[in-house]
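All chains should be modelled from the sequences, with the hints used to inform the complete structure.
Protein chains: 4
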Amino acid sequence: MDKNLCAQTPPMGWNSWDCYGASVNEEQLLANARYMAENLKEYGWEYIVCDIQWSEPKAVSQAYNQFTELCMDEFSRLIPAENRFPSSAEGKGFRPIADEIHAMGLKFGIHIMRGIPRQAVHRNTAIKGSSATARQIAKPYSICPWNTDMYGVDCNRDGAQEYYNSLFELYASWGVDYVKVDDIGASNFNPSRSYNAPDEVEAIRRAIDNCGRPMVLSLSPGPADVNCAFHLTQNANMWRITDDFWDIWDLLLDMFDRCEKWYKFVSEGCWPDCDMLPLGRLCMFDKTENGAAGRNTRFTKAEQKTMMTLWSVFRSPLMMGGEMTLNDEFTLSLLTNRELLEINQHSHGGHPVLREKDYAIWACTCADGRTAAAVFNLKDETADFSVDLSLFGLEKAIVRDLWEHRNMGTVEKQLTVTLEAHGAAIFVFGE
Amino acid sequence: MDKNLCAQTPPMGWNSWDCYGASVNEEQLLANARYMAENLKEYGWEYIVCDIQWSEPKAVSQAYNQFTELCMDEFSRLIPAENRFPSSAEGKGFRPIADEIHAMGLKFGIHIMRGIPRQAVHRNTAIKGSSATARQIAKPYSICPWNTDMYGVDCNRDGAQEYYNSLFELYASWGVDYVKVDDIGASNFNPSRSYNAPDEVEAIRRAIDNCGRPMVLSLSPGPADVNCAFHLTQNANMWRITDDFWDIWDLLLDMFDRCEKWYKFVSEGCWPDCDMLPLGRLCMFDKTENGAAGRNTRFTKAEQKTMMTLWSVFRSPLMMGGEMTLNDEFTLSLLTNRELLEINQHSHGGHPVLREKDYAIWACTCADGRTAAAVFNLKDETADFSVDLSLFGLEKAIVRDLWEHRNMGTVEKQLTVTLEAHGAAIFVFGE
Amino acid sequence: MDKNLCAQTPPMGWNSWDCYGASVNEEQLLANARYMAENLKEYGWEYIVCDIQWSEPKAVSQAYNQFTELCMDEFSRLIPAENRFPSSAEGKGFRPIADEIHAMGLKFGIHIMRGIPRQAVHRNTAIKGSSATARQIAKPYSICPWNTDMYGVDCNRDGAQEYYNSLFELYASWGVDYVKVDDIGASNFNPSRSYNAPDEVEAIRRAIDNCGRPMVLSLSPGPADVNCAFHLTQNANMWRITDDFWDIWDLLLDMFDRCEKWYKFVSEGCWPDCDMLPLGRLCMFDKTENGAAGRNTRFTKAEQKTMMTLWSVFRSPLMMGGEMTLNDEFTLSLLTNRELLEINQHSHGGHPVLREKDYAIWACTCADGRTAAAVFNLKDETADFSVDLSLFGLEKAIVRDLWEHRNMGTVEKQLTVTLEAHGAAIFVFGE
Amino acid sequence: MDKNLCAQTPPMGWNSWDCYGASVNEEQLLANARYMAENLKEYGWEYIVCDIQWSEPKAVSQAYNQFTELCMDEFSRLIPAENRFPSSAEGKGFRPIADEIHAMGLKFGIHIMRGIPRQAVHRNTAIKGSSATARQIAKPYSICPWNTDMYGVDCNRDGAQEYYNSLFELYASWGVDYVKVDDIGASNFNPSRSYNAPDEVEAIRRAIDNCGRPMVLSLSPGPADVNCAFHLTQNANMWRITDDFWDIWDLLLDMFDRCEKWYKFVSEGCWPDCDMLPLGRLCMFDKTENGAAGRNTRFTKAEQKTMMTLWSVFRSPLMMGGEMTLNDEFTLSLLTNRELLEINQHSHGGHPVLREKDYAIWACTCADGRTAAAVFNLKDETADFSVDLSLFGLEKAIVRDLWEHRNMGTVEKQLTVTLEAHGAAIFVFGE
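Protein chains in written order, with the numbering used here: chain A, 876 to 1306; chain B, 876 to 1306; chain C, 876 to 1306; chain D, 876 to 1306.
Calculated directly from the structure, the hints in this document are not laboratory data.
It is possible that part of the hints are untrue.
Intra- or inter-copy, both count: the list cannot distinguish identical chains.
[Said to hold, decoys possible] List time: in silico BS3-like cross-link candidates among lysine-lysine, alpha-carbon distance up to 27 Å:
#	residue 1	residue 2
1	K1271	K1288
2	K878	K1136
3	K916	K1271
4	K878	K1271
5	K878	K1288
6	K878	K1232
7	K916	K878
8	K1176	K916
9	K1254	K1136
10	K1003	K878
11	K1232	K1176
12	K967	K1003
13	K1288	K1232
14	K1176	K1254
15	K1254	K1288
16	K1232	K1254
17	K967	K933
Since the structure is predicted, the reported quantities are computational estimates derived from the model, not experimental observations.
Quick look at the structure:
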């Protein structure tokens, strides 16, 4: 099957990292799934993704316990930690959770690290479907620079493809719809900053194609190298174009540069990824801040709109990062702006029109053929912007504001916009 | 005016470098212009481009005379060497040649180096329209790594924009339609290999916009950095994605990688450039080879077709490099394949479909909506290839061969092609 | 105690790597020790060094078995593999072998890898003298680029110094006189090529100083960075100034450059190290070559003399690499040239005098104050050289040839030497 | 002649850069010479060095005028600007000044830039003793990264050696005793930071050897690469081991690292150079600071002593940078500490003994065989230090303090010193 078919529009969902780090559990996953089913599903949100370290019984925060014991089956495959995912007991793995999420009309995703567990290698455990053992397929000098769980896999060895096949066979049996593979994209943590495991990307591509179940393939971390775009589009559905994104203006500002590098590569099934949306309640594992669990996003409301607007016109995947059951009204309103989500899901040709120190303008074509344009104030203060309609090939237009949800009547030649510091507006131009 | 309007399709023309190096003269330019007007104009070929060093009286080959005296006007602007371009005498510059070429229904282009002549700087000559002098606008540590003529221009200085404006005002007065600016693209000769003069690109963009005459802006050398693609598309019409290209298979093979990096950036007015076509009679300045002036292309016929096919499906500009008056029948046939040129000029969505060690497949959509597909044999021997029509979303198709100019009837599921070593075929699929 | 006292002259000995790789055993060690005691001890040779992987039961060649099980005590310390070193049984470690070697009037050395065994870390075993465990002191992202046995030790952690102390306490109890620590010098295998574990060098220095037994500290691999020379002289007795040296002329030629960088740092207790002498019978683990075990050195006799001469005038440590019991007469003669060894052990001020493409001249001052000079033919053919005595501040001299062991009478002004391709001569100038 | 003979001890003198930048004139040179003759000559100070840009008529400060006209003779050789050096008129060059300085019993030095003037190249002027012209020997892509005066010289070209010979022939005719060649050492301003013109160093070495007059050869800028130490010792007398040094504590602190890298290379005629001493009145060209011309050194008195102590025990050349006629008593006392200068001029074996975050200890052997030791307080506050005499192989010693000029009696085992922030003491130990 064409790998692009399972991600015809940018995936929309929730990922556990921003609120639960390495420690998310079954209850938290399902609570967010229920929230999504009730509040967001109708807007297109569908994936519930369990991020890193789900096989680690002792994880309690964003930190990784070095060399810690992981839960593993007899075939060197990591399985959920029962203390965190009780329904996985008796070898059921993520199947019960996936079933429950599917029953809500949603889809289920998991995170994995590239490679084979170091503990499998040091114990020299078996590989399903191969007489090779863990030790024989490990690439001993290929280690992740920030997590001690795995060794890379040497794809030239007998048993390597079988290992990856056995992983995705297992995930298919669980009902997984989405896999985020980590330590496989380019990373600023690698000395070379390079895309250093294309052979493992290909092995995983083959393993998904072989497993009989469509799964979205998402690659992390980033920033990806635009020189490798062709390989990425051939093998993956999403790839991070940024290092970890958090609620800090400089990182958001920086995303304009990144999107300028990548917008040409946005296409059906191929979604350069701006990373999770750090909105609402974050870092729930952190008991020290705010006198209570977690903290609210540090983004101003204006910045939050800027983020949602850029992610939409660029057509990034949208993965909510906050604990959704604690969403306030504003946060929910960001996730349920139907007109904006329509841009994210169904526009085409999104591109930067102008980029100056103080502002940026992007435009795209809506599904109905009308032009949409976003204006971003990159200054640290409120400012007015006069936008020439000629930039979009128009002399005049009936203008609709997608954040205010109102028609602005007919505008001639120039549209004048007042934007808060770091704020954004997005308009559709009709006739 | 939108800078893209002057290059709505990939520019087609002739450039003097591959046959005359730094030494082309008026007679040679006009002889090639006449040949083009008579033989090629009807196929869309239109530019006659005078390459590097036309202000240098002593140039006789491909070599640059270091620190040599250049012809220059009182405003620090280089002008044609009269001994090589007699019609330029009495301050007429390239105007008489441009007039003659225009009278043939063709267009005229010139090459310039980024910056201001070192001789102007050392003599501290005047800048038109500014009280600044050459010495004041020079960037003293910005020199070309392979030619001693110029210093870079410091665009932050008063007089810098005026200098570039004065250049293009002069070129407009001559009737120039196309300017190839050199030492301004990224280059493997620069230690950093970077795109190191974006400010001068912008100054030149402004100068063209100000001069009142549309001119194609072509940037050299290469390879351009795909990370800078947005800046390039905003400012230029063509930019080299390769270092100097010559008739050597490894360079042609390498172009597949380059095109894979750049195909997404091909759009109206923005043409990633695979460099000149080293076809027919080349290196006319070289008296030592073949017992006569110049030499024939080293490409096999199969390789020549591969080059023309790749340049077409990718939509590179097409700039003939050989001395056209010595074209043999085969060479002429390459330049007058109407069906192939139609792909180059009017297809869209050209992209790599598959890339393996032994072959490559590209496809695009023709102006009439049909799919075209090119198959390339990258092996050093003749080979057969079976191409699944499903790659193009087809079950069966009426196939036309654009090199053989013949209909192959209806093909079902698989198209089988036999290709010579390094050879190519290109087909259009109809219903 | 001053760490320099245990290596007042360049250490002389035998190391098992060049003939036995990772697989040396008790019998081989002792056979070479007996040979040394009988044939070489009187010339100053004294160390018998057991190189890498002595705790690995399955080692059979120069190759490292990845992730293989190592013999280890309850305190995470590697111990000899009993199948290879039978006398080490019942917890005796290397004590019986050391005793036997000491009884011959010789000294005993071992090789270790920087760090703590990965198997200790994955099993989280104990550290002697500390409540910390292996997992807590490991530096998880510090791995050797060519051997999978160890993780680096994080010297900032409690238990780290205790771990290294416990190692050297054990080695002292065995009677070890010399420790070659590997994966701790700069290496071309590290991406940064840097001296990347100075903190572990310091911890090892402290551990030796604490253990109550003098031990020579030798650091590997190389090439060391001359910018780090001060740290090396402060902490170690020998450090490799080259990557692994083998019997290949280009490597020997290259050593002239290396010695030119390092000669100023040669001083009592501080010996920049040109690596083992690949002489005689080598690679005994290799059953494929020569129809028998091992192979003879690939160096010509002239090259062997060149090596011995350079190592002597530079004052490198001298560690014989071949299986000594198979020494032929010529090989033995190289190791028993008393006059040359006197230069190695007791000269001072060795320095390059001239270095040209075709030849090199070095000089030093003998213990008795006379000047010695070595002349090296770097050409690929026999050549004559005329050496001005004025280079050494002499007008005439009574010359003695240290390879020919003969007096050449009085020479005036110029000494003329004929040298075979890659050959050398060394002379002492008397009055 | 052996090039080392002209610098048997570290050169001591005055250099115009720190007080007059690019603008020093005859009057200033001679005033400082007279001061030196009267006040410092008896302490060993002897060189008066005219630093950069003496051929530039318009220089008025530390800044370089880009592309400015330089005074040059008919053989492409720069000559003094008459407006600044009136006695140089009528082709006399620096001869009259040198004569006057020699008459005072002092020596005279000049600064030159590597290469040939760009103005000579662009005018294509003659080379003395060669039919080649300036254009033919220039290395067109070898330019200084911070000064526009010169092109490098291509030593492979005919005329290149003749050019350098002609320069030093001229300097010899003037009576020059010391030449500081700039843009020829490694520099942080070069992208590669490398020692990039060893061929020009060799050509200059040959030119000096040929000119018939001994001249000290000093190379700038720095920091030199210790990997190139052998080439430097073979060709030069001094070479900068630091980038430009100024009166800033961090630069002085950094010099301890630099001296630790270089101390082994200190030997007769070969002096790693810590750069000028920014003492007394500096930056006389700067009219903006202190309401008057120039400013006083920013070093505290303690720091000044630290500098003098380190330069002395390391045996750096000593080149005073301040305007000496404005020396206050303290400054003069620094330059006339006979006991300290004796260490600088006649000790040997200076080396770091200990280096910790808070302090450093260096030691050397005095000409009379006694040990001297310097203690440096690297902390930002006053501190006490107890120094074990055993570090110097002593149990007790009669101690003399070289800054206090007093005997401290017999000290046993430990010497206790109280040092101001960034201060130093230096002692000689007798019996």
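Hints, verified against the model:
For the homomeric pair K1271 and K1288, the shortest alpha-carbon distance inside one copy (6 Å) is at most 27 Å, but the shortest distance between copies (50 Å) is not. In this assembly of identical chains, the alpha carbons of K878 and K1136 lie at most 27 Å apart whether taken from the same copy (24 Å) or from different copies (21 Å). Within a single copy, K916 and K1271 get their C-alpha atoms no closer than 37 Å, and across copies no closer than 40 Å, so neither meets the 27 Å cut-off. Proximity of K878 to K1271 under the C-alpha cut-off of 27 Å is restricted to the inter-copy arrangement: shortest distance 22 Å between copies versus 42 Å within a copy.
Taking CA atoms no more than 27 Å apart as the test, K878 paired with K1288 passes between copies only; the shortest distance there is 20 Å, against 44 Å inside one copy. For a Cα distance limit of 27 Å, the shortest separation of K878 from K1232 across copies, 22 Å, qualifies, whereas the shortest one inside one copy, 39 Å, does not. For the homomeric pair K916 and K878, the shortest alpha-carbon distance inside one copy (24 Å) is at most 27 Å, but the shortest distance between copies (45 Å) is not. Proximity of K1176 and K916 under a CA criterion of 27 Å is satisfied intra-copy only: 23 Å inside one chain copy versus 59 Å between copies.
Taking the shortest Cα distances, K1254 and K1136 sit within 27 Å of each other inside one copy (22 Å), while across copies they are farther apart (34 Å). Within a single copy, K1003 and K878 get their C-alpha atoms as close as 25 Å, which meets the 27 Å cut-off; across copies the closest is 55 Å, which misses it. Taking identical chains as interchangeable, the C-alpha atoms of K1232 and K1176 lie at most 27 Å apart only when both belong to the same chain, with a minimum of 21 Å there against 48 Å between chains. Only within a single protomer do K967 and K1003 lie at most 27 Å apart by alpha-carbon distance; the minimum there is 17 Å, versus 42 Å between protomers.
In this homomeric assembly, K1288 and K1232 come within 27 Å of each other (Cα to Cα) only inside a single copy, at 23 Å, whereas the closest approach across copies is 53 Å. For the identical chains of this complex, K1176 and K1254 are intra-copy neighbours only, at 15 Å inside a copy versus 48 Å across copies, given an alpha-carbon limit of 27 Å. With identical chains, the CA atoms of K1254 and K1288 are at most 27 Å apart within one copy only, with a shortest distance of 24 Å there and 57 Å across copies. Within a single copy, K1232 and K1254 get their C-alpha atoms as close as 8 Å, which meets the 27 Å cut-off; across copies the closest is 44 Å, which misses it.
Taking CA atoms no more than 27 Å apart as the test, K967 paired with K933 passes inside one copy only; the shortest distance there is 20 Å, against 39 Å between copies.
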